[in-house]
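Novice: Protein chains in written order, with the working numbering: chain W, 1 to 153; chain B, 1001 to 1114.
Some clues are possibly wrong.
[As the list claims (entries may be wrong)] Quick list of the computed label-pair ranges, beta carbon to beta carbon:
# : chain 1 : residue 1 : chain 2 : residue 2 : range
1 : W       : 27        : B       : 1016      : 43 to 49 Å
2 : B       : 1009      : W       : 30        : 44 to 50 Å
3 : W       : 89        : B       : 1013      : 20 to 26 Å
[What the hints assert, rightly or not] Quick list of in silico lysine-lysine cross-link-like pairs, DSS-like style, CA-CA up to 30 Å:
#  : chain 1 : residue 1 : chain 2 : residue 2
4  : W       : 142       : W       : 62
5  : W       : 127       : B       : 1032
6  : B       : 1032      : B       : 1004
7  : W       : 142       : W       : 80
8  : W       : 65        : W       : 80
9  : W       : 127       : W       : 80
10 : W       : 62        : W       : 80
11 : B       : 1004      : W       : 80
12 : W       : 80        : B       : 1012
13 : W       : 80        : W       : 121
14 : B       : 1012      : B       : 1031
15 : B       : 1031      : W       : 127
[Claimed, not checked] Residues of chain B clear of chain W, computed beta-carbon distances all greater than 10 Å:
#  : residue
16 : 1005
17 : 1013
18 : 1020
19 : 1032
Don't read these hints as lab results, they were simulated from the structure. Remember, it's a predicted structure, so these values are computed and weren't measured experimentally. All residues carry an ideal CB built from backbone N, CA and C; glycine is no exception.
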Amino acid sequence: MSVGGKGSSAGTLPDASLVDLEVAWADREREASTLHAGGHLSMSLALRFYCLEIRLKTIICKVLKLDALPRELMTHDLNKLIKYTGLFALLNDPSNTSLKRSWDELALFVTTHRLDGVRDKPEGALKPGEYAAYIRFFDDPKDGVWSWLSRLP
Amino acid sequence: MALKTSLRSLAKRIALAVQAAVRRESEALTKKYRLFGTYEAESDHISLVLQILGDVDDLRLYTAVFEELRRAFPHDPFIPNSVGLVIRHVSNEDEMGAFAYWPEAEEDISHLLQ
Chain W
1 MSVGGKGSSA
11 GTLPDASLVD
21 LEVAWADRER
31 EASTLHAGGH
41 LSMSLALRFY
51 CLEIRLKTII
61 CKVLKLDALP
71 RELMTHDLNK
81 LIKYTGLFAL
91 LNDPSNTSLK
101 RSWDELALFV
111 TTHRLDGVRD
121 KPEGALKPGE
131 YAAYIRFFDD
141 PKDGVWSWLS
151 RLP
Chain B
1001 MALKTSLRSL
1011 AKRIALAVQA
1021 AVRRESEALT
1031 KKYRLFGTYE
1041 AESDHISLVL
1051 QILGDVDDLR
1061 LYTAVFEELR
1071 RAFPHDPFIP
1081 NSVGLVIRHV
1091 SNEDEMGAFA
1101 YWPEAEEDIS
1111 HLLQ
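Modelling step: build the complete structure from the supplied sequences, incorporating the hints.
Specialist: Okay, structure coming up:
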């Protein structure tokens, strides 16, 4: 099975090919920026979570040298996905405590279905200051999870 | 090792580690806090929410909790690595209460953490 091909092997998902995933996270990131610029903070934040999820799935495909996502990893659970990225130990290294704290905030937002609440309810479901707080957990230059992933080779 | 197999004893050791960290990082032993947790089978992960009364440096407390967890499980780093923690401040005891957002599908282990 070659990296970059259209995934169709047993155990992987043709609808989640590496090629598509790689394009998709960048597309979702652009869409999140557009929504933010338009003042649509709830959906912008929700898309940032989808960006993260898709980017982790992209990393997994590369690490496992698969051209599509394994069926077992068709999940929204960030804590499950990170374990297959090869980054789990690095994230938990004591030198990365601030980063791990950001990660835990983002992961809990998904685990506790707050993401669903933001996505499925009117924009007021996002508490004041919540958007900015979570964006810091993504984008803080030093401790943000997205910033960290972007720094990785 | 799946955490599920020994949740009760793990929860007790986790609770003691959190207690030690709170004592280290708060000025008085009477600093009030409540610990809530859930076990997520799909990811074999424990999520903790620590409600604490008053001002505490979040990052210092977070760091202290994980130092204590690593100390509690010196030969099995997978366990502290499979724990997530968020800290939530409350301004008075009345605000301390059940964490409202646990999904029903996950296993609430809060009672094991008291």
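Novice: Would the non-interface assignment of residue 1032 of chain B survive a Cβ cutoff of 10 Å against chain W?
Specialist: 22 Å, holds
Novice: Sort out whether residue 80 of chain W lies within 30 Å of residue 65 of chain W, counting only the CA atoms.
Specialist: 18 Å, holds
Novice: For the hint 20 to 26 Å, verify it against the beta carbon of residue 89 of chain W and that of residue 1013 of chain B.
Specialist: 21 Å, holds
Novice: For the pair we were handed, residue 1012 of chain B and residue 1031 of chain B, check the Cα-Cα distance against 30 Å.
Specialist: OK: residue 1012 of chain B and residue 1031 of chain B at ~20 Å, within 30 Å.
Novice: Between the alpha carbons of residue 80 of chain W and residue 1012 of chain B, is the straight-line distance 30 Å or under?
Specialist: 24 Å, holds
Novice: CA of residue 127 of chain W to CA of residue 80 of chain W, is that 30 Å or under?
Specialist: 27 Å, holds
Novice: Taking 30 Å as the top limit, are the C-alpha atoms of residue 62 of chain W and residue 80 of chain W close enough?
Specialist: Measuring from Cα to Cα gives roughly 17 Å; hence the hint holds.
Novice: Any Cβ of chain W at or closer than 10 Å to residue 1020 of chain B, or is the non-interface label fine?
Specialist: Given that every Cβ of chain W is farther than 10 Å from that of residue 1020 of chain B, nearest at about 17 Å, it holds.
Novice: Is it true that the CA of residue 1004 of chain B sits at most 30 Å from the CA of residue 80 of chain W?
Specialist: 15 Å, holds
Novice: Are the Cα positions of residue 127 of chain W and residue 1032 of chain B separated by 30 Å at most?
Specialist: Given pair residue 127 of chain W, residue 1032 of chain B holds - Cα atoms ~26 Å apart, limit 30 Å.
Novice: Is residue 142 of chain W close enough to residue 80 of chain W, meaning Cα to Cα at most 30 Å?
Specialist: 24 Å, holds
Novice: If I take the minimum Cβ distance from residue 1005 of chain B to any residue of chain W, is it greater than 10 Å?
Specialist: 18 Å, holds
Violation of the numbered hints given earlier is absent; every hint is satisfied by the structure.
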